[in-house]
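*Asks:* When we follow numbering that gives the first Met the number 0, the leftmost residue of the sequence shown carries the number 0, and every step to the right adds one.
Because the hints were derived from the structure by calculation, they are not lab data.
Keep in mind the model is a prediction, meaning the values are calculated, not measured.
No residue lacks a Cβ here, since even glycine has one placed at the ideal position from N, Cα and C.
Take the hints with a grain of salt, since some may be wrong.
[Stated by the list, open to error] Lysine to aspartate or glutamate pairs mimicking DMTMM-like chemistry, simulated, CA-CA at most 25 Å apart: (1) K224 to D49; (2) K186 to E144; (3) K51 to E91.
[What the hints assert, rightly or not] Here are the in silico distance ranges between beta carbons for each label pair: (4) G171 to K127: 33 to 39 Å; (5) G222 to E105: 39 to 45 Å; (6) G67 to R216: 25 to 31 Å.
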Amino acid sequence: MNNLYNISVMKNILKTLLVTLCSISCLSACASNNSDKQTNKEDKTIMNTDGKKLVVFFSHTGENYNVGYIEKGNTHIIADMIADATGADTFEIVPEKGYPKDSYNECIEIAKKELQQNARPAVNGDVKVEDYDVVFIGYPQWWGEPPMCVYTFIEKHDWNGKTVIPFVTHEGSGIGGTDRKIAAACKGANTLTGKGLAVQGKTAQENQAFAQKSVERWLDGLGIKK
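Using the sequences and the hints, build the whole thing.
*Replies:* Structure (C-alpha cells):
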C-alpha cells in the first residue's frame, strides 16, 4: 500500500515539474519574441532616414567661449557639413532680438534668464517642416539645455512621423542629455536619442578636417547617405 502511495506521489511531482518547465519555456519564448520585436522597432527607426532632409540649427556668432570672436558660429559650421554630406536643405533659427556679440558672458547670462523663465523668444522666418522626412536639429549647449529659441521653433510645427536627429556643439559637456529634451519637445517624432553628434566648438573652428571626419563617421553609422 505504501509503495502504491509513493508511486502516486512521485507521479504528481513529475506532472508538476513538467507543467512548470512548460510554463518557463513559454515565458522564455514570449520574452524572446518581445525582444526581437523591440530590436526590429529600433532598427526601423534607425533606418527610417531616407527621404527629404532638412538641417535646422541655431548658432551664435561674435564672442564665444574658447574660440574668441567668430564670424561663423560653431554649430553653423557643423550644420553645413551635415547638409553637404546628406544633400539636406538648411534653415537657421534667428531670434528677432539677437544675443550680444561683444561679450560672451553677457550673452549666456541672457540665455540663463530665458531658461529660468522658460521663455520662448520670437524668431525670424520659418520653414515648412511638414515637407521633410528627416530633420537634423543643431544648437550649442547653454546651461544644460538647447537655447530657448530652439523650443520656439520646435513648438511651431507638427513632428508626427518625422525622424529627428540632434547634434550639438559644446566645450566639454557633450550632448548632455539634451537629445532627450529635444525628443520630448518634438512630440510624435522618432528622435534618435543616444545617437546624436557632439562636436567641440574649438574643433569646429580650428580643426575642421577632423570635424568633417567626425560628421562623416557619424552619418555612416546612422546609414545616412546623400
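*Asks:* All hints are to be evaluated individually against the structure, with a verdict given for each.
*Replies:* Against the structure, the hints come out as follows:
1. K224 to D49: holds, 8 Å
2. K186 to E144: Satisfied, since the Cα-Cα distance of roughly 17 Å is no more than 25 Å.
3. K51 to E91: Holds - the C-alpha atoms of E91 and K51 are around 17 Å apart, at most 25 Å.
4. G171 to K127: 33 to 39 Å: holds, 36 Å
5. G222 to E105: 39 to 45 Å: Taking Cβ atoms as reference, G222 and E105 lie about 42 Å apart, which means the hint holds.
6. G67 to R216: 25 to 31 Å: At 28 Å between Cβs, range holds.
When held up to the earlier numbered hints, the structure conflicts with none and fits them all.
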